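Enquirer: Got chain S; can you put chain F on it based on the hints?
Residue numbers (my numbering), protein chains in the order written: chain S, 1 to 274; chain F, 275 to 571.
Derived from the structure by calculation, the hints contain no laboratory data.
The model shown is predicted, which means the values in this text are computed figures rather than measured ones.
Check before you lean on any hint, since a few could be wrong.
[What the hints assert, rightly or not] In silico DMTMM-like pairs for lysine to aspartate or glutamate, Cα to Cα no more than 20 Å straight-line:
id, chain 1, residue 1, chain 2, residue 2
1, F, Lys359, S, Glu73
2, S, Lys102, F, Glu445
3, S, Lys74, F, Glu445
4, F, Lys359, S, Asp101
5, S, Lys40, S, Asp25
6, F, Lys359, S, Glu103
7, F, Lys359, S, Glu100
8, S, Lys104, F, Glu445
9, S, Lys188, F, Glu445
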Amino acid sequence: MMNKTGDLLGAIGGVPRPDVDVVVDARDVNKWFGRLHVLKDVSLQVKRQETVVVIGPSGSGKTTLIRCINHLEKIQRGRIFVNGHLIGYREAGGGSKLVEDKEKNIAQQRQEIGMVFQRFNLFPHMTAVENIIEAPIQVRGMARDDAMVMGRALLERVGLAAKETVYPNQLSGGQQQRVAIARALAMKPALMLFDEPTSALDPEMIGEVLEVMKELAREGMTMIVVSHEMGFAREVANRVVMMDEGVVVEEGTPDQIFSAPTQERTKAFLSKIL
Amino acid sequence: MSALHSRGIRPATLVGCLFLLALVVTGCSSGKRSFQFDGNIFLADLNPTSAGVLGALYVTLIISVVAQALGVLLGVLAALGKMAKIVPLRVIANGYIWFFRGTPLLVQLVFFYYGFGAAHIWGWDDITLMGGFFIPGAVWAAMVILGVNEGAYMAEIIRAGILAVDPGQTEAAKSLGMTYRLTMTRIVLPQAARVIIPPLGNEFNNMLKTTSLIFVLGVVETYNHYVILQGLNYRPFEAYAACALWFLLLTTIWGFIQSRIEIRFSRGTATGSAGQSGPGNPGFAARLMSLRAPIEQ
Numbered sequence: 001m002m003n004k005t006g007d008l009l010g011a012i013g014g015v016p017r018p019d020v021d022v023v024v025d026a027r028d029v030n031k032w033f034g035r036l037h038v039l040k041d042v043s044l045q046v047k048r049q050e051t052v053v054v055i056g057p058s059g060s061g062k063t064t065l066i067r068c069i070n071h072l073e074k075i076q077r078g079r080i081f082v083n084g085h086l087i088g089y090r091e092a093g094g095g096s097k098l099v100e101d102k103e104k105n106i107a108q109q110r111q112e113i114g115m116v117f118q119r120f121n122l123f124p125h126m127t128a129v130e131n132i133i134e135a136p137i138q139v140r141g142m143a144r145d146d147a148m149v150m151g152r153a154l155l156e157r158v159g160l161a162a163k164e165t166v167y168p169n170q171l172s173g174g175q176q177q178r179v180a181i182a183r184a185l186a187m188k189p190a191l192m193l194f195d196e197p198t199s200a201l202d203p204e205m206i207g208e209v210l211e212v213m214k215e216l217a218r219e220g221m222t223m224i225v226v227s228h229e230m231g232f233a234r235e236v237a238n239r240v241v242m243m244d245e246g247v248v249v250e251e252g253t254p255d256q257i258f259s260a261p262t263q264e265r266t267k268a269f270l271s272k273i274l
Numbered sequence: 275m276s277a278l279h280s281r282g283i284r285p286a287t288l289v290g291c292l293f294l295l296a297l298v299v300t301g302c303s304s305g306k307r308s309f310q311f312d313g314n315i316f317l318a319d320l321n322p323t324s325a326g327v328l329g330a331l332y333v334t335l336i337i338s339v340v341a342q343a344l345g346v347l348l349g350v351l352a353a354l355g356k357m358a359k360i361v362p363l364r365v366i367a368n369g370y371i372w373f374f375r376g377t378p379l380l381v382q383l384v385f386f387y388y389g390f391g392a393a394h395i396w397g398w399d400d401i402t403l404m405g406g407f408f409i410p411g412a413v414w415a416a417m418v419i420l421g422v423n424e425g426a427y428m429a430e431i432i433r434a435g436i437l438a439v440d441p442g443q444t445e446a447a448k449s450l451g452m453t454y455r456l457t458m459t460r461i462v463l464p465q466a467a468r469v470i471i472p473p474l475g476n477e478f479n480n481m482l483k484t485t486s487l488i489f490v491l492g493v494v495e496t497y498n499h500y501v502i503l504q505g506l507n508y509r510p511f512e513a514y515a516a517c518a519l520w521f522l523l524l525t526t527i528w529g530f531i532q533s534r535i536e537i538r539f540s541r542g543t544a545t546g547s548a549g550q551s552g553p554g555n556p557g558f559a560a561r562l563m564s565l566r567a568p569i570e571q
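Bound-form chain S, shown alone (with noise of 0.2 Å):
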């Protein structure tokens, strides 16, 4: 089904091709949720066609983290670029300041950015096909029967081709989060997001969307995944992250994450999971 190179990135014409070697540049990025310090002084860069997988004990940041990188959640301190834009704000004073950015244009940046949530979050009142083609049509004003061939195409890509115009309620969880990589991929981004895509799926669920993002990085996608599917990190990541209580532990490849950590702190967190 998803064998031959190109077939996902196919579908929606090819890889994105970011402007920018360095698609996420995030620098000192700082985020309190009241009092509560959550992300203290994370830099993170990934580079294009990069998949980067981020691990850590849960309330270490790593979902808040990529949530700041389209910015559904304000940031106090630092800068997150991607594609070489400045994500959510505008500097003023100087460069000095953070003024949050017009809506208008957030929501620009945000077409760039394809997010995939552990909750799935398909439109519950549209079919698959029409979860799909909703934002190529609306936002990028693209024709209903173009759209429709592209959106047919995808589906049939992540393996639902029977399943156009079936309601999200009478899909499996694995199916949803399937339409859902779909529907991200529809607005060709040049950046993907996973929020812990499997943890919300039974377990036989889990393989058939790991599958399809497994193809997604061997087709070149820009990916950040935060995940605890380590036999997924070891087989498809570039880079492993290792965050912990708002920081980033350690990074490194994945075999020198597993094998060989050299913080305390992640190898205390391996020693559970693994």
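Expert: Just chain F now, with coordinates in the frame of chain S:
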């Protein structure tokens, strides 16, 4: 979702109604001066081909529909205003809701119609639309005042509907690059509609009956028609019985329409994707016939 099922008739209510009816009928004959119910006058009063009946019903219907539509529109705006980040918008929305829910509709009607007219604030002049369609001042004043009043009540219903939509839906829409407006119109409001539709149906049922208050503006709608009629023939029992029957017919027909709409809007939910009456969404007829107590979900 209890509102969805609160329109079934409890057996106790039915028994109560029959008891009251019996009381009225026996009361008629046991009084000092006997009262003879005149079936012919009653039927003549009821007859839709009698002068003015259809016209009065038309006025009731058109004012109800326009006022309710205006109410929904204002309700959406007020609900969004109440939830807005911008403080002045919240103040305006809250003030609007506070005033119109805090004063009697009857007072609003006379104040904004007669009061504003007398103070030369707003005259409610008759208007003629482009097609030569004539609307008396009192009629469109009634539409506007009823609509603005209704909007204050709809605001709370719509706000509850919007809050019932999973925040994940907004996040998903935003992550796809949708603006606030697109997110609301394409994703949130259509889903909120499912929660809003059942109480909206009840609001319209209320609106049909509430229009009877606009007799104070001199509009001849269904109720006012029968007020005038009984003044002419001195038969208030027959006239008001006919009046009540007409309103009952209107609300009953609306009940059927409402259950159709509710089934349609449950598309994509666990109980209603097949587009027909399911266990969670019985048709109106089924609810009426089964005479059952409301189901709490």
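Enquirer: For every hint, state whether the structure bears it out.
Expert: Status of the hints after comparison with the structure:
1. F:Lys359 - S:Glu73: Measuring from Cα to Cα gives roughly 16 Å; hence the hint holds.
2. S:Lys102 - F:Glu445: holds (17 Å)
3. S:Lys74 - F:Glu445: holds (13 Å)
4. F:Lys359 - S:Asp101: Answer holds: F:Lys359 to S:Asp101 is near 15 Å, not above 20 Å.
5. S:Lys40 - S:Asp25: It holds: about 16 Å lies between the C-alpha atoms, which stays within 20 Å.
6. F:Lys359 - S:Glu103: Holds, at about 13 Å.
7. F:Lys359 - S:Glu100: Given that 20 Å is the threshold and the Cα spacing comes to 14 Å, the pair holds.
8. S:Lys104 - F:Glu445: Holds, at about 15 Å.
9. S:Lys188 - F:Glu445: Distance ~18 Å between S:Lys188 and F:Glu445 Cα, so the pair holds.
In summary, this structure violates none of the numbered hints.
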